[in-house]
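Asks: Knowing the structure of chain A, use the given hints to seat chain W on it.
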Amino acid sequence: MNGELAIDVTGLTKSFGGRNVVDDVSVRVRRGEIMGFLGPNGSGKTTTIRLLCGLLVPDAGEGTCLGHDVLREGEAIRRQVGYMTQKFSFYEDLTIEENLAFVARVFELDDRRGRVERTLERLGLGNRRRQLAGTLSGGWKQRLALAACIMHEPRLLLLDEPTAGVDPKARRDFWDEIHELAEDGMTVLVSTHYMDEAERCHRIAYLAYGQKLTEGTVDEVVAGAGLSTFTVDTPGAAALSRRLQGRPGVDLVAPFGNVLHISGRDGAALRATLAAAAAEGPAFDFIADRPTLEDVFILLMNQSTDNFA
Amino acid sequence: MSAHTGRFRLSLARLWAMVVKEFIQMRRDRLTFALLVGIPIIQLTLFGFAINNDPKGLPTIVHVADAGPHGRSVLSALRNSGYFRPTEEAVSRAEIDRALELGRVQFAVTIPAGFERALRRGEHPQILIEADASDPAATGNAIAALSRVMTNALVHDRGDVTPAAPPPFDIAVHRRFNPEGITQYNIVPGLIGVILTMTMVIVTAMAMTRERERGTMENLLAMPVRPIEVMLGKIVPPIGMGAIQVAVVLLAARALFDVPMTGSFPALMIAVMLFIAANLCVGFTFSTVARNQLQAMQMSFFFFLPSILLSGFMFPFRGMPVWAQTIGECLPLTHFLRVVRGVMLRGNGFGEVAANAWPLVVILVVVTFVALRRYKRTLD
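Protein sequence lines correspond, in order, to chains A and W. In terms of our numbering, the first sequence opens at residue 1 and continues consecutively. In terms of our numbering, the second sequence opens at residue 1 and continues consecutively.
Just chain A, with the same shape it has in the complex (with noise of 0.2 Å):
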């Protein structure tokens, strides 16, 4: 079953008001697989998933998620996809297990009882089963989701942003049982703003203004970027990062702390700008230092902007 294609859909296109929010975009997720989807607010990241949930009915486009035509088999596509929704979405007066035997009966899955029973213990709240949804903590509210989503065994999981607002330790578990299910066989596909959950998937794409600008593994997607980066530990870093904004080569400029990242596509250029202005004083070392995801990221979005207007 290796290489068997989970979702496999070209040309998706949808409009809202005559703006194109997702504009012809392919996606293919092999069986098993994490895939990421990165960009900025509003770049179609949810509409896709939408449409490929069957929320919403796409413009234009075809292909199959799980074997169903996209278009015309939403139903039974609906019965195998696990779907967690960006913002908590299950019932805040209802308890954790009333939510629970909700999703269970709505499924007409079996044995709801010990469906149920195993979920909760698998969560850890058994002893809390009473308590309401809406009491819950951002973290805990995000485990119930996860766990009431999967509860049907869906073949593909759709998480919308699921760890916005959770803290590093939750996020990190969360992650750890992500991995767990894609490797029972489950197809993930995940969108996310943070860089660090990029580099857990197997695979990323980046959308911006409804188009996918670039997909692959992370080092794929930094090395088709062509980026040169280099860095500088100096005190004023935020005086530095003013003087070589708009130099020949200076694409990108952002200060970590007293470290300066410095990025541009023409690498010679960007070392010529970058020898220049040492020279010129206050004098800084620079090294050659690898890209990060996110250099790579913010790049691609100034250049879609541009490409926009």
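Treat each hint with caution, since some may be false.
[Claimed, not checked] Cβ pair distances, simulated, as ranges:
id, chain 1, residue 1, chain 2, residue 2, range
1, W, Val289, A, Val106, 23 to 31 Å
2, W, Val289, A, Gly246, 48 to 56 Å
3, A, Arg112, W, Met241, 20 to 28 Å
4, W, Gly351, A, Leu132, 50 to 58 Å
[As the list claims (entries may be wrong)] Here are some of the chain W residues that sit facing chain A, going by a computed Cβ distance under 7 Å:
id, residue
5, Thr216
6, Glu218
7, Ala255
Calculated from the structure, these hints are not laboratory results. For every residue, glycine included, the Cβ atom is placed at its ideal position computed from N, Cα and C.
Replies: Frame of chain A; chain W shown alone:
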């Protein structure tokens, strides 16, 4: 101004900031704006043109057992009074009873056999006028006008020049179904319908909008639950609530107001269920249109206003002009009032209930159709 009073000073700039913000928000909230403008217009129209506490042209069934000239002139005098409008002729007692029990007519006039002969002999024969007095307000003025009408009735025929002379016959008025003209007999049964309209529409109107507002709608749509399942699931629990309300009013009607229950209780219950379902479906339809719970409330209020004014609950239905009656016929409450008053006061059974309740089924089917069309399985 000193420093410490400055803390409490009313700042016109700050006040103006609030006023400007409120104006902007009010302008964007179209439905509230529509409500602000619409309510006075609707109220003016309804109270100014539709509502009439002196109903005229009331449908009257006529039983003429003696076709003599005097009987005819009595009938035309009744018609000319403006209150009585002969709509059908009965050939038997049973037909009169049926028309009154169904609420099809407000009055029945019987000119007895041998009327003409008895009149000539000076025997003061009786003309029987039966009124459906279940709504005392609808018949009051017509009955009050009777003696004047009759005194003038035969003036012309007798060629008499003394108009004040009493007529040579008697009029027997039977106020049927509510002989003492007790207002509560009319109001309390109607209250069942009004309470159900008020609560049931709001309950379901809020139901879907709550899902949307809290973001749970998206999850619900992503799960394999069908629109009809969602709709029925939302409608079944409030039916129980409605049943409790009905029980409370019925008990109070019996214990506190002595309102009789002369007809078939099971038939009434079937109509109650239909009526509750119709209102719940109306509410569900609102909730597929409203964007938030406030709008759902506002729409329910918009529905409640004509329901209470044009259904015949507060004001006699037959007093309204045709356009207002047409609107009234589209409201579930209008039909339910006929049923509930028919059963409790006029002794209606299954047959009469079916005759009055079928429009509820039509309304239910139409509204359900609209609701399911409006309910979208996607977020489009």
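Asks: Enumerate the violated hints, using their earlier numbering and listing them in ascending order.
Replies: 7
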